[in-house]
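Trainee: Throughout the sequence shown, residue numbering follows mature numbering (1 follows the signal peptide of the UniProt record, and there is no 0), covering -22 to -1, 1 to 411 in sequence.
Please note that a few of the clues may not be correct.
What the hints assert, rightly or not - With a straight-line Cα cutoff of 25 Å, these simulated BS3-like cross-link-like pairs (lysine-lysine) come out:
1) Lys250 with Lys380
2) Lys164 with Lys250
3) Lys241 with Lys332
4) Lys361 with Lys332
5) Lys229 with Lys241
6) Lys110 with Lys99
7) Lys380 with Lys346
8) Lys229 with Lys110
9) Lys38 with Lys229
Hints in this document: simulated from the structure, not taken from any laboratory.
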Amino acid sequence: MLQTRLAIAAVALAALSFPASAQLQPPPGRTAAPRATAPSPRAASCHNGASFDRFLADVKQQAVAAGVSQRTIAEASPYLVYDQGIVNRDRGQRVFGQLFTEFAGRMAAPYRMQNGQQHIKQYAAAFARAEKEYGVPPAVIAAFWGLESDFGANMGNLPTLKSLVSLAYDCRRSEMFVNETIAALKIIDRGDLHPDEMIGSWAGELGQTQFLPVHYVNYAVDYDGDGRRDLLRSGADVIGSTANYIANGLKWRRGEPWLEEIKVPPNLPWEKTDLTVREPRSTWAQLGVTYPDGRPLPNDNLAASVLLPMGRFGPAFMAYANFAAYTEWNNSLIYSTTAGYLASRIAGAAPMRKPAQPVPQLPFNELKELQQLLVRAGFNVGKVDGVLGQQSRAAVKAMQVKFGLPADSWPTAELLARMRGGTAQAQPAGTVR
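Work out the full structure, taking the sequences as your base and the hints as a guide.
Mentor: See the structure below:
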């Protein structure tokens, strides 16, 4: 969900399909303390050879220093066990390779839009209060609620403390997950949840909008007045807490739009179509950008970017300043665009237009080859994995500019052929724009 998770870690859970009838589920049952599994020798290497028990003792000391009571430490200790399987899942997580239209077609399906609208009616008072207090529209909250857990239908089934402390002992993001473990102990300490109630994703996220514990501590609010901040069972708490995080954590701008579908002309300066480029709507209107039905854009100074998740032949959107909240929530462009689009649908927008013709897509092996060629040309594309991430998109755009191709950030067979010819070189890595 949140900015601290890897770009696509959340999508594996969100990508599951659920029946249209999915509603808030009964409270999760109490669970027995989980069993431990032995850590690999590799895990101790980044802790100066310390065993897991020694590492855990240090984490407990840090928690006490942060204000966690000894009572909570004792209560939580049976759940603070190592599970190598959690680490294996983290290391082996699948990357996201679907087209935007495929993912959005499944995740922003009519049933989820309708379910979001139904929840807005069901919790009308809580949504109205959240919008008044935080300035976040109900549709924005409902879209994240639907994508993250299908309104509570799937919040994960793994013991949270076990997941967090296992990932904390792993070498790659130890400091982050130590902090998350301590935050989870604070949730227990203040009486929001009991250790055996803390069941969530393998990455340690909790509740119906999948908060990491640090964000749970900082942004969860008691919206139903029962004295607990319960994001597993209380719809009102979910609504208020999610609004609080979007407004104060992600800096939502009250009263401003987030994402609108547009129609782009065939001669648009494609190098301008990037989230790093923002122009007044009046400027985009002068360049021929309209709404999908041909209506002109407002002739005003509200700044926006043109977003083309599948290049100039695919869907096109006007992304406003509030779209940054989506990319902060999850920096996968496909996920964030889908979340913004679903919110617009819940709010009453028409479904996006289908492309006039199928958008050409490079096969996996050719996209991976293109990434390798971009690396040889001096670009940092991140992991060479055959998946079009933000760094790969930026590198593609830069090479399109150099070759005089439409710079829409979408990899094509023509660009690959040019790259195979090796007739252009990139500027030094890190300067891609």
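Trainee: Starting from the hint list further up, note which numbers the structure goes against and sort them upward.
Mentor: 2, 4, 5 and 9
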